[in-house]
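S.K.: Sequence:
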Amino acid sequence: MSAVFRKGGDVTFLVDELKAVFDPRGGYWQPGGKFMPSIIAELGHIVEKHLIEIGLLKGPDLSPDQLEFLAKKKAEFEARGSQKDAFAKSSFPEGAQLCNKCNTAAAVMLDGCMTCLNCGYSKCG
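Numbering (the numbering used here), first residue to last: 1 to 125.
A few of these clues could be false.
[What the hints assert, rightly or not] What follows is a list of derived Cβ distance ranges for each label pair:
1) 79 with 46: 34 to 40 Å
2) 65 with 16: 26 to 32 Å
3) 55 with 6: 16 to 22 Å
4) 13 with 79: 40 to 46 Å
5) 8 with 123: 35 to 41 Å
6) 31 with 60: 41 to 47 Å
7) 23 with 56: 35 to 41 Å
8) 22 with 75: 31 to 37 Å
9) 95 with 26: 41 to 47 Å
10) 24 with 76: 37 to 43 Å
11) 13 with 101: 31 to 37 Å
12) 79 with 113: 15 to 21 Å
[Unchecked claim] Distance condition first, Cα-Cα at most 25 Å in a straight line; then the derived DSS-like pairs of lysine-lysine:
13) 7 with 74
14) 7 with 73
15) 34 with 19
16) 101 with 74
17) 19 with 73
18) 101 with 19
19) 72 with 123
20) 73 with 123
21) 74 with 123
22) 34 with 7
To be clear, the hints were calculated from the coordinates, so they are not data collected in a lab. Keep in mind it's a predicted model, so treat the numbers as computed, not measured. Even glycine gets a Cβ: it sits at the ideal position worked out from N, Cα and C.
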């Protein structure tokens with residue numbers, strides 16, 4: 001990784017390479033309900049944050065419409081009650097499941113489809 005940064009050029013591919021490393025013994029949960037598949041993948045997330053901060057990568061910004069939609073759906077889900085879960089300190093509703101895209105325990109059933117309240121990912125589109 002150090003050699004790639006010293007060489008220069010486009011180093012953004014490192015983020016995807018590092019985040020794709022999975023520990024064969026399983027990963028671990030971070031506070032707030034984010035799953036890390038390995039320590040190497042966590043390094044990839046750290047490098048990604050840094051590259052976003054310095055402007056080499058575009059952040060996963062959601063549009064105001066998406067943020068409003070997610071806030072509405074989160075409130076709707078919390079209003080109807082939910083299952084108990086181990087992630088009580090999470091800012092997302094209890095009972096939320098792991099999102100396949102952002103690895104955060106923020107996916108809930110909305111309108112008949114699992115939707116992530118963190119990144120907006122949904123298999124239904």
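S.K.: Is residue 34 close enough to residue 7, meaning Cα to Cα at most 25 Å?
M.R.: violated (32 Å)
S.K.: Assess, step by step, whether the Cα of residue 73 is no farther than 25 Å from the Cα of residue 123, and give holds or violated.
M.R.: holds (16 Å)
S.K.: Holds or violated: are the alpha carbons of residue 101 and residue 74 at most 25 Å from each other?
M.R.: holds (18 Å)
S.K.: Between residue 8 and residue 123, does the C-beta distance stay in 35 to 41 Å?
M.R.: For residue 123 against residue 8, whose Cβ atoms are near 39 Å apart, the range 35 to 41 Å holds.
S.K.: Could one say that the CB atoms of residue 31 and residue 60 fall in the range 41 to 47 Å?
M.R.: Given a distance of about 20 Å, which is not inside 41 to 47 Å, the answer is violated.
S.K.: Does the alpha-carbon distance linking residue 72 and residue 123 stay inside the 25 Å limit?
M.R.: holds (19 Å)
S.K.: Could you tell me whether the CB distance from residue 65 to residue 16 stays inside 26 to 32 Å?
M.R.: Holds: the Cβ-Cβ distance is about 28 Å, inside 26 to 32 Å.
S.K.: In this structure, is the beta-carbon distance linking residue 22 and residue 75 contained in 31 to 37 Å?
M.R.: Cβ of residue 22 to Cβ of residue 75: about 35 Å, so the range 31 to 37 Å holds.
S.K.: Straight-line Cα separation of residue 34 and residue 19 no greater than 25 Å?
M.R.: holds (13 Å)
S.K.: Cβ-Cβ distance between residue 79 and residue 46: within 34 to 40 Å?
M.R.: holds (36 Å)
S.K.: Between residue 101 and residue 19, does the CA-CA distance stay at or below 25 Å?
M.R.: holds (12 Å)
S.K.: Within 25 Å, alpha carbon to alpha carbon, are residue 19 and residue 73?
M.R.: Violated: residue 19 and residue 73 sit about 29 Å apart, past 25 Å.
Of the numbered hints given earlier, the model fails hints 6, 7, 9, 11, 13, 14, 17, 22; all others are met.
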